[in-house]
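Chains A and B supply the protein sequences, listed in that same order.
First residue of the first sequence: 1, per this note's numbering; consecutive thereafter.
First residue of the second sequence: 1, per this note's numbering; consecutive thereafter.
I should point out that these hints are in silico values taken from the structure, not numbers from a laboratory.
Just so we're clear, the structure is a prediction, and the values are computed from it rather than from any experiment.
Cβ coordinates follow ideal geometry from the N, Cα and C atoms, glycine included.
The reader is advised that the hints may include incorrect statements.
Said to hold, decoys possible - Using C-beta positions, here's what the derived DEER-type ranges look like:
no.: 1; chain 1: B; residue 1: Asp54; chain 2: A; residue 2: Gln3; range: 27 to 33 Å
no.: 2; chain 1: B; residue 1: His82; chain 2: A; residue 2: Met27; range: 28 to 34 Å
no.: 3; chain 1: B; residue 1: Glu64; chain 2: A; residue 2: Asn28; range: 29 to 35 Å
To be verified - Capping the alpha-carbon separation at 20 Å, the derived lysine to aspartate or glutamate pairs in EDC-like fashion look like this:
no.: 4; chain 1: B; residue 1: Lys49; chain 2: A; residue 2: Asp99
no.: 5; chain 1: B; residue 1: Lys109; chain 2: A; residue 2: Asp99
no.: 6; chain 1: A; residue 1: Lys69; chain 2: A; residue 2: Glu53
no.: 7; chain 1: B; residue 1: Lys49; chain 2: B; residue 2: Glu64
no.: 8; chain 1: A; residue 1: Lys71; chain 2: A; residue 2: Glu53
no.: 9; chain 1: B; residue 1: Lys101; chain 2: A; residue 2: Glu30
no.: 10; chain 1: B; residue 1: Lys61; chain 2: A; residue 2: Glu102
no.: 11; chain 1: B; residue 1: Lys49; chain 2: A; residue 2: Glu102
no.: 12; chain 1: B; residue 1: Lys101; chain 2: A; residue 2: Glu53
no.: 13; chain 1: B; residue 1: Lys101; chain 2: A; residue 2: Asp59
no.: 14; chain 1: A; residue 1: Lys69; chain 2: A; residue 2: Glu79
no.: 15; chain 1: B; residue 1: Lys101; chain 2: A; residue 2: Asp56
no.: 16; chain 1: B; residue 1: Lys49; chain 2: B; residue 2: Glu15
no.: 17; chain 1: A; residue 1: Lys18; chain 2: A; residue 2: Glu30
no.: 18; chain 1: B; residue 1: Lys101; chain 2: A; residue 2: Asp99
no.: 19; chain 1: B; residue 1: Lys109; chain 2: A; residue 2: Asp38
no.: 20; chain 1: B; residue 1: Lys101; chain 2: A; residue 2: Glu62
no.: 21; chain 1: B; residue 1: Lys101; chain 2: A; residue 2: Glu102
To be verified - Covered stretches of chain B, as calculated for chain A (at least 3 residues, CB under 8 Å):
no.: 22; segment: 37 to 48
no.: 23; segment: 105 to 114
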Amino acid sequence: EAQVTQNPRYLITVTGKKLTVTCSQNMNHEYMSWYRQDPGLGLRQIYYSMNVEVTDKGDVPEGYKVSRKEKRNFPLILESPSPNQTSLYFCASSLRGVDTGELFFGEGSRLTVL
Amino acid sequence: AQSVTQPDIHITVSEGASLELRCNYSYGATPYLFWYVQSPGQGLQLLLKYFSGDTLVQGIKGFEAEFKRSQSSFNLRKPSVHWSDAAEYFCAVPSPGGYQKVTFGTGTKLQVIP
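Turn these sequences into a full structure, and let the hints steer you where they fit.
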């Protein structure tokens, strides 16, 4: 089954404790991206990647890191989480890119930073 | 920079009634436009997309949307709403010029009453 898989789905952590949210897709998509969803703000793009070793900032990259060492994986790293990073995070992928292609989303990872 | 406005935060309709969700964009040229749906606890799923050509596009689940350049709008419609349509709906516009960013509207939450 074609899918985007995120882990963990739910996480509660404390300020400053590094964490990684994994994202994997099995559709051989070139494009992958991370979004955060906050009430009243919709989805905002954090980082995206056009292919292996090619990443770029979205609209809200501060406090986040990403890497794309393999085509299928695009982890989101919070080196020192803070409470303002409490949010619902989505990973998405697309065959080529967002301007012509559909985005396929994971089910989301709800992160709480205390 | 482009922007996407969904003026209705929350809409309630009766089952069987018609539905129209509004989306306005600001953009220099004819944009690509998308509508996504997010069911409770799920990721986003593409409903329909407009690239060019016919300004009335059909999507999944009986939805359609009409692109109106003169009004900078891309409103989503459904003739008869089902209880299973209760969800949050997002309009989205990719960045122009090959920049692989997507701007999402803030979403409209649809409630369906019996």
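Item to check | Violations among the numbered hints | outcome: 5, 16 and 17
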